[in-house]
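Q: Listed below, chain by chain, are the residues.
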Amino acid sequence: MTAAGLVNSMVLSLLDKAPPMGVIPDTVPVAEAAVRPELWWAGLILYLPLLSLVLCGLCAAFKVKTKLPAWLTTASLLASFVVSVMLYLNHEPPGYLVPLLSWIDLSWAGGDFVANFTLYIDSLSLLWVMFVTGLGTLITFYASEYMEADLGKGYTRFFAGVSVFLFAMVALVLADNLVMLYLGWEGVGFASYWLIGYYYQRPAAVAAAKKAFIMNRIGDLGLALAIYLIWSTFGTIQYDELMVVLREGSWAESYEGWTIDVIPWFLMLAAFGKSAQIPLYVWLPDAMEGPTPVSALIHAATMVTAGIYLVARTYEFFLLSPESLHVVAWVGGLTALLAATIGMAQYDIKRIMAYSTVSQLGFMFLGLGVLSTYGAVYHVFTHAFFKAALFLTCGAIMHGFAGQLDLRKLSGLIRIPGWRITSIAMLIGCLALAGFPLTSGYFSKDAILAEAFVTQGPGFEALGWMAIFTAFLTAYYTFRVWFRVCAGKVEYEPGDEHHGDDDHGHSDGHFHPHAPRFAMNFVMAVIAIGAMVATVPYFLDTKADEALAGGWVADMVHDSTARGGLPGLDGHGQPISESGAHDHHDHDDHAHPTILGMDPHFAMYIISGVVGGLGLLLAAWLHLFRRQDADRLRAALMGRWWIAWLPRAMERKWYVDEIYIGLVRAPLWVASHLMYAFDRFLIDGVLVDGVARIPRLVARWFQPLHNGIIQSYAVTMAGGLALIALLMILFLQFWNIGGGG
Amino acid sequence: MILLASAFGQQALAHYLLLSGVLFVIGLVGFLSRRNLIVMFLCTELMFQAAAIAMVAAGRYYYDFSGQVFVIFILTVAAAEAALALALVVLLFRRKSTLNAEDWRELRE
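So the sequences go chain by chain: A and B.
Sequential numbering from 752 applies to the first sequence in the numbering used here.
Sequential numbering from 3 applies to the second sequence in the numbering used here.
No lab work stands behind these hints: they were computed from the structure.
It cannot be assumed that every hint is accurate.
As the list claims (entries may be wrong) - Derived DEER-like restraints, expressed as beta-carbon distance ranges:
| id | chain 1 | residue 1 | chain 2 | residue 2 | range |
| --- | --- | --- | --- | --- | --- |
| 1 | A | 1457 | B | 82 | 41 to 51 Å |
| 2 | A | 1430 | B | 98 | 47 to 57 Å |
| 3 | A | 1439 | B | 70 | 47 to 57 Å |
| 4 | A | 1457 | B | 92 | 23 to 33 Å |
| 5 | B | 99 | A | 1480 | 38 to 48 Å |
We treat Cβ as the ideally placed atom computed from N, Cα and C, and that holds for glycine.
Assemble the whole structure, with the sequences as input and the hints as a guide.
A: Okay, structure coming up:
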């Protein structure tokens, strides 16, 4: 449905607006974006998830025990998706603004601070909002069946969380200013916490939710600081005004300082937190404690791409300080490799998918870093489909086999009746993830890999080879899962999660997996088809600039704020030269880069195809044809001390969690206990209790007077009076003043 | 006025104050030495009256009516307080059938 709709709309739009051939839109409009209040209905994209949240709240209030909340949420999200597609069909570049509500609108002498609920509709935000709402609809529909064991318990809470998430995500994507983006940014973090901790009775889920939230908070700090610095340097946080300011370059005349060198680093911190990159990636694998639809929706397809979106949206800031882009590229490449090596050695299929998500996000950051925003965005787009397919199939397996996720205990699913759609959908997802030739992941990954060889940067060529090696590992671990779980002879053991329904047929003492029914099969099939069809945009004609390879997605990027990262365009999105724009390999300082003497884009088709095929073959040997060889290989590796550390470290995730515990948690633990002792003994003991002890000590001297004998009180009183009288007399006589004298 | 002032000189004032002091000390000693609640109460009344006499005498001496006004107040308050205190004494007596003040030491807590 999603993919078909997308293709339809793309074709329609191309028929609608056939570009004049040969005309390159060379100048970037410097004027502020047009305001189009007549498109107020675009706000429905934002309001509909909010409405479904309210409806879910009502369902909770009336204790609805049916699947009503799921249908309400699915319907709202579907409507939201339809509105986004309508908006796309109405779209004409460049971007424009749709004001909804006045939110923060302050002005004073010499400045202002404006952050309204205004939507910034350009091709980048449209692309994002379409796949977010489209996949959101499908995954919610899937969840209506997946979550049915919780009917009447957490069912409504789950769908309310999904609604909150989609509202926040759409706000993040459609915001026209950084403060509204920040609102969405925090909102998705909160929704993620809500949904990871959905099974709040399980300590692991609670810990994972906290971990995700805290890791994200570190990134949020970076975003908050970046917003502040952007405002204080450029005087505005609205994208359209920022782009005008940046392209006119007038800010540079009065600018002296360090802020533009720091802003991209803070933005990077924010993006690395949300999109799970080194050093903040450890939360994402743990986030698999949430229900699987959540993993598919939030932690694979949509939320984790918010970091990519942020960098693409604020790309001009990165172009102002190029070394920040080098760091983005290296962090992305290293994360991709690290996560792939960990993914190779895990046994939990959902966790393997989680590490592959981290790894693929690393590829996207690599693309952003090597000036291939197009490749990054295309990879986001294809990854959203194939990773959703993979997670949803994992979820179906988990659902049917009572929580079994160990790939050693599942085999031959494709031969079990009822599991064919699951297995085939998983195969399609695996092929795309592995970058098998002519799949969607193949083209989007190539766009990134090739650019790593084209763009000049510190060690980018080495980085490119590293990424190719990572692609090999990706193909291997992906098909390790598929060959183990779906192929081979039929064997399985159930997991230990027996949810309420009796489909498993425990009565006869045997375990019967229950195959997914209509909703789950339908969604898996649609998303798998979407993962295949995501190849099509690559071959669609580029209307904006025929020198640009990459079709529809490249068009979408070209018309947005991220155009600075397109090949053939310089940092400000202007063509490098009229002739150079036609041959985009003509980079000024690195003419005709080659791989092994071939054009990199062409060479990459071959190299990555071969590499993907090799990974697949290795996986087929070790995990399909001769599974005992895998065990023998493992035994051989573990038996030699000089190599045994490698598989062990990979299995234990390179001890990163342990290192974090040692570097961060243990010192914090010590420091907090020192603080506790300080507070307890110095503040409480000496200051508070010590001061309080003084009146008690004084009181102890006078306590004997309080003996309950009235006469003794009277004596004290009379004595006191006499004392006062005596003092007064002495006083008066000494000073010789007053009455008597 | 002068006639009045001369008729009540320092000599007269000294006598009155002496009377007041004696009365006060009698009351105080009585209060301290006796254990019977009613007697102790009467002793406080004595001390009251000693103060009242001092007030009236001083007011007369300085030709200032404030002293007399105060005495009226003292009498009023004393009357009210007598009603209250005697009622309390009756209640206390009902509890323990004794008027000895020392039996009520536990009231200190």
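Q: For a quick check of understanding: which of the numbered hints are violated here, in increasing order?
A: Hint 1 alone not satisfied by this model.
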